[in-house]
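In order, the protein sequence lines correspond to chains F and C.
Quick note: the first sequence, position 110, residue 110 per UniProt numbering, numbers continuous.
Quick note: the second sequence, position 118, residue 118 per UniProt numbering, numbers continuous.
In case anyone wonders, no lab produced these hints; they're calculated from the structure.
Even for Gly, the Cβ is constructed at its ideal location relative to N, Cα and C.
Any given hint might turn out to be false.
Pair ranges (Cβ atoms, derived) [what the hints assert, rightly or not]:
1. His242/F to Ser57/C: 32 to 38 Å
2. Leu247/F to Val116/C: 56 to 62 Å
3. Glu250/F to Gly10/C: 36 to 42 Å
4. Pro158/F to Leu72/C: 31 to 37 Å
5. Leu247/F to Arg61/C: 52 to 58 Å
6. Gln212/F to Ser57/C: 19 to 25 Å
7. Leu27/C to Ala261/F: 32 to 38 Å
8. Val51/C to Ser177/F: 25 to 31 Å
9. Leu7/C to Phe251/F: 26 to 32 Å
10. Leu7/C to Asp164/F: 46 to 52 Å
11. Gly252/F to Lys30/C: 44 to 50 Å
12. Ala178/F to Ser57/C: 19 to 25 Å
13. Leu7/C to Glu189/F: 41 to 47 Å
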Amino acid sequence: MPDGTSRVPSGETLSDHADVERRLGELLRTHEEQVIRHWTESVSARRDELAELYRAVLRAVEEGGRDLADLRGLLAELSRSRARAGYSPAETSKAVFGLKGALYEIVVTHADDEVLRGFIRFARLIDDLGLFTFEAYAEAREKIIMDQAEQLLELSTPVVKLWDGIVAVPLIGTLDSARTQVVMEKLLETLVETGAEHAVIDITGVPAVDTQVAQHLLKTVFAARLMGAECVISGIRPQIAHTIVTLGIEFGDIVTKTSLADALAHAFRRSGVQVSGGPATRVTVRAEQA
Amino acid sequence: MDRVPILKLGDLLLVSIQVDLDDQTVLALKEDLAEVVVARGARGVIIDISVVEIVDSFTGRMLATIAEMCRLLDAHAVVVGMRPAVAITLVELGLSLGGVRTALNLERGVALLDHVRGAAP
């Protein structure tokens, strides 16, 4: 980030510059109470927050505005806590800009050239700081969004056990390669952990299947096969079947079923589990020893 | 060069790969296995790769070749215990090992061979 405060404007010498900073520092220190009071009155912020910020600004000005790390840290913290408290980033930066107005009332009563020049430099510093709170706010937001995206990825890919040796992955939402990777890894790990030999991938919640999504599904099925488990894809809606045929995607010998129930029945048959009685009657299930 | 031991278990052969597979090792295994299958008249071969963490396309292809070779020698081959990472790698490499039987672990592999031989004696 360009640091506008340590630049020496053309036409000024370094000693001038140091002198101006010193005068401004003195002014800020002697009128501390008054400025903070004005500042607190003009903006919506807590007095202790502003007083702390004021002291940090004062230190930065006295040191010539070269080391702003402390000040930035403080502002980032302020921006975060105010964002949590429901303030918009514009309100936070306005609160910072308010310091200019508060100081101006002091400056006009001590109007001489040097102080005015110092005030201009000071205003520039405050502008930078105000914009920095905005940046910190955006950064914090970005981080929240990234975290949530990650959580969503985890949340949206559960592997559930349907029966001894039968697991299912209900997929909801659009499949992209990152998600397929997570699904694939989770499914394969579950196969190892549970020793399941049948897996059902349910795509009822997948809004659309294109060649890429189909490719991802096929990869998952093949990977499961390599580990010795059989995959069934269920929840293929008429529309999706139509799309798959139109796109010419070859599902080969992969078993596909329209509903999860059909897929479960298929898995039961393959693993030798017999269901006696139809729906609506009491169901007894007996696992046959292979 | 490491050699992979081939163990006899009834009329099955058990190949447990405990070393990192390089090309020479795999080639040697293929030759050894062909000889042992013929010499012992084995009807089934179980290749356990549960500790193999890294495979390349050559190894993947060789697994398919070994399975095919066993079939020609009238022995059924099963690859057991493939790790998820290995399975994903092979699929990403475009190797789905179409003709190779697989099982989750050794126990399932033995059961699968029994089942296969029961169905087609």
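Checklist entry - Which of the stated hints cannot be reconciled with the structure, identified by number in ascending sequence? => result Hints 2, 4, 5, 7, 9, 10, 11, 13 not satisfied by this model.
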